[in-house]
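From first to last, the protein sequence lines stand for chains A and B.
Following the working numbering, the numbering of the first sequence begins with 1 at its first residue and continues without gaps.
Following the working numbering, the numbering of the second sequence begins with 1 at its first residue and continues without gaps.
Keep in mind that the hints were calculated from the coordinates and are not lab data.
These numbers were taken from a predicted model, which means no experiment stands behind them.
For glycine and all other residues, C-beta sits at the position ideal for the given N, C-alpha and C.
Hints are not guaranteed to be accurate.
[Said to hold, decoys possible] Derived coverage of chain A by chain B (criterion: at least 3 residues anywhere in the stretch with Cβ under 8 Å from a Cβ of chain B; other residues may be distant):
| # | region |
| --- | --- |
| 1 | 4-16 |
| 2 | 41-55 |
| 3 | 74-85 |
| 4 | 99-113 |
[Said to hold, decoys possible] Taking CB as the label site, the calculated pair distances span:
| # | chain 1 | residue 1 | chain 2 | residue 2 | range |
| --- | --- | --- | --- | --- | --- |
| 5 | B | Arg-84 | A | Tyr-27 | 22 to 30 Å |
| 6 | B | Thr-24 | A | Arg-91 | 18 to 26 Å |
| 7 | A | Thr-106 | B | Pro-12 | 29 to 37 Å |
| 8 | A | Gly-119 | B | Thr-24 | 20 to 28 Å |
| 9 | B | Gly-82 | A | Leu-8 | 29 to 37 Å |
| 10 | B | Arg-143 | A | Ala-54 | 29 to 37 Å |
| 11 | B | Thr-77 | A | Trp-59 | 36 to 44 Å |
| 12 | B | Pro-12 | A | Ala-98 | 20 to 28 Å |
| 13 | B | Ala-129 | A | Leu-109 | 48 to 56 Å |
| 14 | A | Ala-54 | B | Asp-16 | 38 to 46 Å |
| 15 | A | Ala-54 | B | Asp-115 | 45 to 53 Å |
[Said to hold, decoys possible] Some, not all, of what chain A presents toward chain B, calculated at C-beta under 8 Å:
| # | residue |
| --- | --- |
| 16 | Leu-19 |
| 17 | Val-23 |
| 18 | Ala-24 |
| 19 | His-26 |
| 20 | Leu-28 |
| 21 | Trp-34 |
| 22 | Ala-38 |
| 23 | Ile-65 |
| 24 | Ala-70 |
One-letter residues, chain by chain:
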Amino acid sequence: MTLLLVALGAAVGAPARFLTDLVAAHYLGRAMPWGTLAVNTAGSGLAAFLAVAATGPAWTALLSIGFCGALTTFSTLSWETLRLAEDGRWRRAAANIALNLAGGLTAGLAGAALARLLGY
Amino acid sequence: MPATPDPPEPRPTLRDALRAVPVTVLAAVSLGGVIGSLARYGLLLALPPEPGRFDLAVFTANTLGGLLIGALMVAATEIAPGRRHLRPFLGVGVLGGFTTFSTYIVGIGSAAAADAALLAVAYAFATIAAALTAAALGMRATRAIARRRR
Chain A
1 MTLLLVALGA AVGAPARFLT DLVAAHYLGR AMPWGTLAVN TAGSGLAAFL
51 AVAATGPAWT ALLSIGFCGA LTTFSTLSWE TLRLAEDGRW RRAAANIALN
101 LAGGLTAGLA GAALARLLGY
Chain B
1 MPATPDPPEP RPTLRDALRA VPVTVLAAVS LGGVIGSLAR YGLLLALPPE
51 PGRFDLAVFT ANTLGGLLIG ALMVAATEIA PGRRHLRPFL GVGVLGGFTT
101 FSTYIVGIGS AAAADAALLA VAYAFATIAA ALTAAALGMR ATRAIARRRR
């Protein structure tokens with residue numbers, strides 16, 4: 001059952017990341033990997049909310065491990081950062097890491113704060 | 001499919017760009033995401049994370065995922081380009097699903113919440129350093145192998 005919930009969440013999360021990347025590239029271009037920053041920030045916020053809300057093992061499997069885990073990515077973040085560095089764009093590479101870390105942590109704090117505000 | 005990263009002036013609308021994505025590519029991403037995420041879940045079961053301890057499961061997934069994405073992207077873009085479903089399935093799907101940023105962030109937060117500030121900082125930077133180093137190694141190793149074969 002847990003396996004099924006993780007699979008279900010991931011089946012939605014991974015294509016959501018793929019489509020977000022297309023939308024972000026459409027509006028903002030590909031000079032910076034904005035799509036990955038968007039999903040990593042949003043997914044971290046939701047995951048932190050769920051971690052504090054402690055909604056139960058089924059929701060954790062479906063949303064935290066499955067959906068958020070597949071929506072966010074570390075491999076693409078690493079690859080896109082290395083590509084910027086390989087192209088000699090060191091400042092952008094460093095900014096990419098810093099933005100993902102700052103965005104993820106800020107969204108995480110906000111998600112956790114929201115869960116506490118709602119009384120969890 | 002609009003292959004150019006930055007389309008020239010009369011660029012396609014977002015609707016056209018999204019419609020140009022083949023359903024099979026979306027299915028490949030989804031299926032790959034399921035496979036990668038189940039593998040990550042298996043790693044979590046094998047190395048269950050404990051609050052206030054270094055999350056070895058997610059660290060391993062993100063480092064191994066980095067090594068494999070470096071190898072895959074070099075293979076897919078420099079050695080065997082033109083395979084339409086290779087990157088969506090293995091790169092975006094499997095490795096994107098296997099690695100995670102959200103659990104990494106939650107791990108930093110839970111270490112900080114457990115009064116282990118040093119662990120939180122060490123985990124945050126060790127993961128970034130290991131994943132980037134692994135990805136660079138994956139790229140170099142794959143390029144070296146490809147050169148030797150030619």
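Structure-based check of each hint:
no.	hint	result
1	4-16	holds (count 9)
2	41-55	holds (count 6)
3	74-85	holds (count 8)
4	99-113	holds (count 8)
5	B:Arg-84 x A:Tyr-27: 22 to 30 Å	holds (25 Å)
6	B:Thr-24 x A:Arg-91: 18 to 26 Å	violated (38 Å)
7	A:Thr-106 x B:Pro-12: 29 to 37 Å	holds (33 Å)
8	A:Gly-119 x B:Thr-24: 20 to 28 Å	violated (45 Å)
9	B:Gly-82 x A:Leu-8: 29 to 37 Å	holds (33 Å)
10	B:Arg-143 x A:Ala-54: 29 to 37 Å	violated (46 Å)
11	B:Thr-77 x A:Trp-59: 36 to 44 Å	holds (38 Å)
12	B:Pro-12 x A:Ala-98: 20 to 28 Å	violated (32 Å)
13	B:Ala-129 x A:Leu-109: 48 to 56 Å	violated (23 Å)
14	A:Ala-54 x B:Asp-16: 38 to 46 Å	holds (43 Å)
15	A:Ala-54 x B:Asp-115: 45 to 53 Å	violated (20 Å)
16	Leu-19	holds (7 Å)
17	Val-23	holds (7 Å)
18	Ala-24	violated (11 Å)
19	His-26	holds (5 Å)
20	Leu-28	violated (10 Å)
21	Trp-34	violated (12 Å)
22	Ala-38	violated (11 Å)
23	Ile-65	holds (6 Å)
24	Ala-70	holds (4 Å)
Of the numbered hints stated above, those contradicted by the structure are hints 6, 8, 10, 12, 13, 15, 18, 20, 21, 22, listed in ascending order.
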